[in-house]
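A.B. asks: Each chain, written out:
6 protein chains.
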Amino acid sequence: MAERPVERAGDATLTHLNDAGEARMVDVSDKPATAREATARGFVRLSAECVALLRSGGVPKGDALAVARIAGIMAAKKTPELIPLCHPLPLTGTDVTAEVTDDGAEIVARVRTLGPTGVEMEALTAVSVACCALIDMIKAVDRLARIERVEVAAKSGGRSGDWKRED
Amino acid sequence: MAERPVERAGDATLTHLNDAGEARMVDVSDKPATAREATARGFVRLSAECVALLRSGGVPKGDALAVARIAGIMAAKKTPELIPLCHPLPLTGTDVTAEVTDDGAEIVARVRTLGPTGVEMEALTAVSVACCALIDMIKAVDRLARIERVEVAAKSGGRSGDWKRED
Amino acid sequence: MAERPVERAGDATLTHLNDAGEARMVDVSDKPATAREATARGFVRLSAECVALLRSGGVPKGDALAVARIAGIMAAKKTPELIPLCHPLPLTGTDVTAEVTDDGAEIVARVRTLGPTGVEMEALTAVSVACCALIDMIKAVDRLARIERVEVAAKSGGRSGDWKRED
Amino acid sequence: MAERPVERAGDATLTHLNDAGEARMVDVSDKPATAREATARGFVRLSAECVALLRSGGVPKGDALAVARIAGIMAAKKTPELIPLCHPLPLTGTDVTAEVTDDGAEIVARVRTLGPTGVEMEALTAVSVACCALIDMIKAVDRLARIERVEVAAKSGGRSGDWKRED
Amino acid sequence: MAERPVERAGDATLTHLNDAGEARMVDVSDKPATAREATARGFVRLSAECVALLRSGGVPKGDALAVARIAGIMAAKKTPELIPLCHPLPLTGTDVTAEVTDDGAEIVARVRTLGPTGVEMEALTAVSVACCALIDMIKAVDRLARIERVEVAAKSGGRSGDWKRED
Amino acid sequence: MAERPVERAGDATLTHLNDAGEARMVDVSDKPATAREATARGFVRLSAECVALLRSGGVPKGDALAVARIAGIMAAKKTPELIPLCHPLPLTGTDVTAEVTDDGAEIVARVRTLGPTGVEMEALTAVSVACCALIDMIKAVDRLARIERVEVAAKSGGRSGDWKRED
Numbered sequence: 026m027a028e029r030p031v032e033r034a035g036d037a038t039l040t041h042l043n044d045a046g047e048a049r050m051v052d053v054s055d056k057p058a059t060a061r062e063a064t065a066r067g068f069v070r071l072s073a074e075c076v077a078l079l080r081s082g083g084v085p086k087g088d089a090l091a092v093a094r095i096a097g098i099m100a101a102k103k104t105p106e107l108i109p110l111c112h113p114l115p116l117t118g119t120d121v122t123a124e125v126t127d128d129g130a131e132i133v134a135r136v137r138t139l140g141p142t143g144v145e146m147e148a149l150t151a152v153s154v155a156c157c158a159l160i161d162m163i164k165a166v167d168r169l170a171r172i173e174r175v176e177v178a179a180k181s182g183g184r185s186g187d188w189k190r191e192d
Numbered sequence: 026m027a028e029r030p031v032e033r034a035g036d037a038t039l040t041h042l043n044d045a046g047e048a049r050m051v052d053v054s055d056k057p058a059t060a061r062e063a064t065a066r067g068f069v070r071l072s073a074e075c076v077a078l079l080r081s082g083g084v085p086k087g088d089a090l091a092v093a094r095i096a097g098i099m100a101a102k103k104t105p106e107l108i109p110l111c112h113p114l115p116l117t118g119t120d121v122t123a124e125v126t127d128d129g130a131e132i133v134a135r136v137r138t139l140g141p142t143g144v145e146m147e148a149l150t151a152v153s154v155a156c157c158a159l160i161d162m163i164k165a166v167d168r169l170a171r172i173e174r175v176e177v178a179a180k181s182g183g184r185s186g187d188w189k190r191e192d
Numbered sequence: 026m027a028e029r030p031v032e033r034a035g036d037a038t039l040t041h042l043n044d045a046g047e048a049r050m051v052d053v054s055d056k057p058a059t060a061r062e063a064t065a066r067g068f069v070r071l072s073a074e075c076v077a078l079l080r081s082g083g084v085p086k087g088d089a090l091a092v093a094r095i096a097g098i099m100a101a102k103k104t105p106e107l108i109p110l111c112h113p114l115p116l117t118g119t120d121v122t123a124e125v126t127d128d129g130a131e132i133v134a135r136v137r138t139l140g141p142t143g144v145e146m147e148a149l150t151a152v153s154v155a156c157c158a159l160i161d162m163i164k165a166v167d168r169l170a171r172i173e174r175v176e177v178a179a180k181s182g183g184r185s186g187d188w189k190r191e192d
Numbered sequence: 026m027a028e029r030p031v032e033r034a035g036d037a038t039l040t041h042l043n044d045a046g047e048a049r050m051v052d053v054s055d056k057p058a059t060a061r062e063a064t065a066r067g068f069v070r071l072s073a074e075c076v077a078l079l080r081s082g083g084v085p086k087g088d089a090l091a092v093a094r095i096a097g098i099m100a101a102k103k104t105p106e107l108i109p110l111c112h113p114l115p116l117t118g119t120d121v122t123a124e125v126t127d128d129g130a131e132i133v134a135r136v137r138t139l140g141p142t143g144v145e146m147e148a149l150t151a152v153s154v155a156c157c158a159l160i161d162m163i164k165a166v167d168r169l170a171r172i173e174r175v176e177v178a179a180k181s182g183g184r185s186g187d188w189k190r191e192d
Numbered sequence: 026m027a028e029r030p031v032e033r034a035g036d037a038t039l040t041h042l043n044d045a046g047e048a049r050m051v052d053v054s055d056k057p058a059t060a061r062e063a064t065a066r067g068f069v070r071l072s073a074e075c076v077a078l079l080r081s082g083g084v085p086k087g088d089a090l091a092v093a094r095i096a097g098i099m100a101a102k103k104t105p106e107l108i109p110l111c112h113p114l115p116l117t118g119t120d121v122t123a124e125v126t127d128d129g130a131e132i133v134a135r136v137r138t139l140g141p142t143g144v145e146m147e148a149l150t151a152v153s154v155a156c157c158a159l160i161d162m163i164k165a166v167d168r169l170a171r172i173e174r175v176e177v178a179a180k181s182g183g184r185s186g187d188w189k190r191e192d
Numbered sequence: 026m027a028e029r030p031v032e033r034a035g036d037a038t039l040t041h042l043n044d045a046g047e048a049r050m051v052d053v054s055d056k057p058a059t060a061r062e063a064t065a066r067g068f069v070r071l072s073a074e075c076v077a078l079l080r081s082g083g084v085p086k087g088d089a090l091a092v093a094r095i096a097g098i099m100a101a102k103k104t105p106e107l108i109p110l111c112h113p114l115p116l117t118g119t120d121v122t123a124e125v126t127d128d129g130a131e132i133v134a135r136v137r138t139l140g141p142t143g144v145e146m147e148a149l150t151a152v153s154v155a156c157c158a159l160i161d162m163i164k165a166v167d168r169l170a171r172i173e174r175v176e177v178a179a180k181s182g183g184r185s186g187d188w189k190r191e192d
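Protein chains in written order, with our numbering: chain B, 26 to 192; chain Z, 26 to 192; chain C, 26 to 192; chain U, 26 to 192; chain S, 26 to 192; chain F, 26 to 192.
If you're looking for bench data, these hints aren't it; they were derived computationally from the structure.
Remember, predicted model here, so these are calculated numbers, not experimental data.
Treat the hints with care, since some could be wrong.
Simulated restraints on C-beta separations [what the hints assert, rightly or not]:
no., chain 1, residue 1, chain 2, residue 2, range
1, U, 73, C, 55, 43 to 49 Å
2, S, 59, F, 169, 22 to 28 Å
3, Z, 77, B, 187, 24 to 30 Å
4, F, 189, C, 55, 47 to 53 Å
5, U, 128, B, 59, 32 to 38 Å
6, B, 40, U, 60, 57 to 63 Å
7, U, 60, C, 55, 51 to 57 Å
8, U, 81, B, 40, 58 to 64 Å
Backbone N, C-alpha and C define an ideal beta-carbon position, used for all residues, glycine too.
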């Protein structure tokens, strides 16, 4: 758990590798615990029929999206079990929203912690699993459902400061 | 757990909802256990610098991709914990491959079972988590990494027979 | 894993103990896999204010009860992790309902399997965790919420045949 | 994760819902970490035969109750996995006791943390799972065993101060 | 998931690797489900003081060993989560015993399944975790406690037939 | 959760037992969070053929050892789920190395935390599971593989200060 990061290809560093180039959980013992937040978002493309079904109101819509959102929140907490080198962090808040658009569903996860490292992976995992769970709910009516984008949208806190995706 | 599926919008059925439109784990007690396979695939867009780093050989590449593949295999087994209404199934085989292309990495998961229902969700979850794990490995060198596609590619076995995505 | 059950106090047997009186997971290798179902139910007493809030319609009610139901379904799948001596079983169906009454909420779980042993514990665990999850959702408005009953209501299948609680 | 709680029915607030009335993990980022403790208790009604068996000494009694207690301690740690909106907290102590009475077993769980929110749910979940595990141990001799009460008994620490159930 | 095993170094085959030499969960879809059993054993060397303490009777001894045994049983069920390429199998019986000897504790796990592949890894994992759990229980009195042996002792069932360690 | 440890056999104390001699998770609420590190090591004896196979270069070696190392890192995070009375701790770093020797493989785990109690059990569990995972990878070519030693090698931090095994 040497502090010195492995340098390669100029400035590029793969901090998750130790001196021997082997995977490890990066040592963050010396980093102070600060308030951090990350937002990730994803989009699931759905058929017109499926969108109509989700929009036709009543409990079904609520339940399909509620299941996806809850799956996302629970997945944020499961991130250290799923992503082999992620640190276990005390999450202090997680919100996952799911909005039906004309051609699919947009899912956004915001995750907060007070810890020595960021929560981008928690937000990304929450969105990915919420997208999968939504597909599970509607796959009987739309077997072509597809996740078309999952990405970190913004993060704040920590040494690297605030960042917002702009591509 | 009434057998009668909830009918809505013509033929469309959301089988994961009970008569009251509430989420449930669909009853598959009366479906025979048959050999089933599903394949899912995903793509993570990466910067040229990151692709070069992954291609520059040696252990690091092996480890970054190995971590992603192993995360995917383990996620296939965790699917019933992550996707709220998925059935626990005895997986009989899981293979996850990760191939570096000129602009990213293509991840493919093949999952097999001998069970009463299919393993599309297991394959889809394996790919999603493998993509997230790969991003975790390289996020220090490519903060814009993005999952651009996760989809079921093919399935075989079960009552609905073989199916291959053709869009 | 001797087949001979430990006999004590006449006919009474604690099958979960081995010959030395130690806890073990009972050997069911020789029991045939048959269709089995179990139903459990529970009641959470709630304040009039809380009942009114849950009944006042809109999404909140849906979400509070949906969270409890989903927690119950997921807990059924987690039973072998929670109940030390329970067998891992391939659940083929799980439905959890939650109904608001004048003085609380009645939660019912029905679980099915095709296996060598029954699913009473899965149904009981699903109800218990759903009750806890409901309390979590409303504890800010009703700190006196209390689980007043959790019990197996009926079971069918297996050697012992159908049984219905009648006390 | 807006700070403003959703107001409904006068002062009553369901803090686990966001502005859209959807379930979320409440944001506690701004709450200081303080020492907190919660106690919950539950009662499992058992037949006279079953009570006699548990009281007849020797290893079996020890093991049946030990299994229930250990299941409870482990369940306290699993609370964030079971209760969808619970925060993961660093538990600093957990004790579960099980006492056989004339008509059943009384189970008490005390849980401590140094965190930004309380551990009532951890104590409640520990008791619920311990009760279920006890039933699993004795269900072969008492199929009518029933959980008759699970409730938070007291809590201390945090902004709301000490509280003791008095109903 | 090609059936053809990777051949290397004469007859030696590492079946957990695919044609590209990458880790995978071996495909056992075509293997029949048969009754299988595996036994593993381990030894934890303990100080004389610690042995005396475990032998001095009363509840403590029961609890320390009971905790180790229960941890082992639960670990058998967790094997597919811990060993990346293990298949999830429906365990039909698990027994873990712990015996105090003059210089330590001997732990034995017997695991049974009705499945397409064996349960050596489940037995091995159960023993390893039981040994760790025992050390956790007594580490305050014996910081030099050491696991000195963990091995598969015997297996039966499956194509390869019965086997007993004889070294 | 009384602070007073149970005294027995002179100075020897089994702190994991409460006043009634029952297992509990020790109360560490009053201990300050300090930087702590623990190292554990283990040895898996392997046949000459197996050692040659692991040494013969190429991807297979990388993957077999990589799987073992990753399993170890993930097991460190799972310790509170596996060891019944372990505290959940925020690990700040974990590194597992695996080195092939002439007669087997030496596995070393270093774990760090900033917490109120040590991480010996996390290091010990990481090594044990990594050893099991390695055996799973090579068991097709070496059915006599055996774990011959797993022990805590050193620890630092906390009230008891630095310690290094010297037997």
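A.B. asks: Please go over all the hints and tell whether each is borne out by the structure.
C.D. replies: Going through the hints against the structure:
| no. | hint | in the structure |
| --- | --- | --- |
| 1 | U:73 - C:55: 43 to 49 Å | violated (33 Å) |
| 2 | S:59 - F:169: 22 to 28 Å | holds (24 Å) |
| 3 | Z:77 - B:187: 24 to 30 Å | holds (29 Å) |
| 4 | F:189 - C:55: 47 to 53 Å | holds (52 Å) |
| 5 | U:128 - B:59: 32 to 38 Å | violated (54 Å) |
| 6 | B:40 - U:60: 57 to 63 Å | violated (35 Å) |
| 7 | U:60 - C:55: 51 to 57 Å | holds (53 Å) |
| 8 | U:81 - B:40: 58 to 64 Å | holds (60 Å) |
Hint violations for this structure: numbers 1, 5, 6, all remaining hints satisfied.
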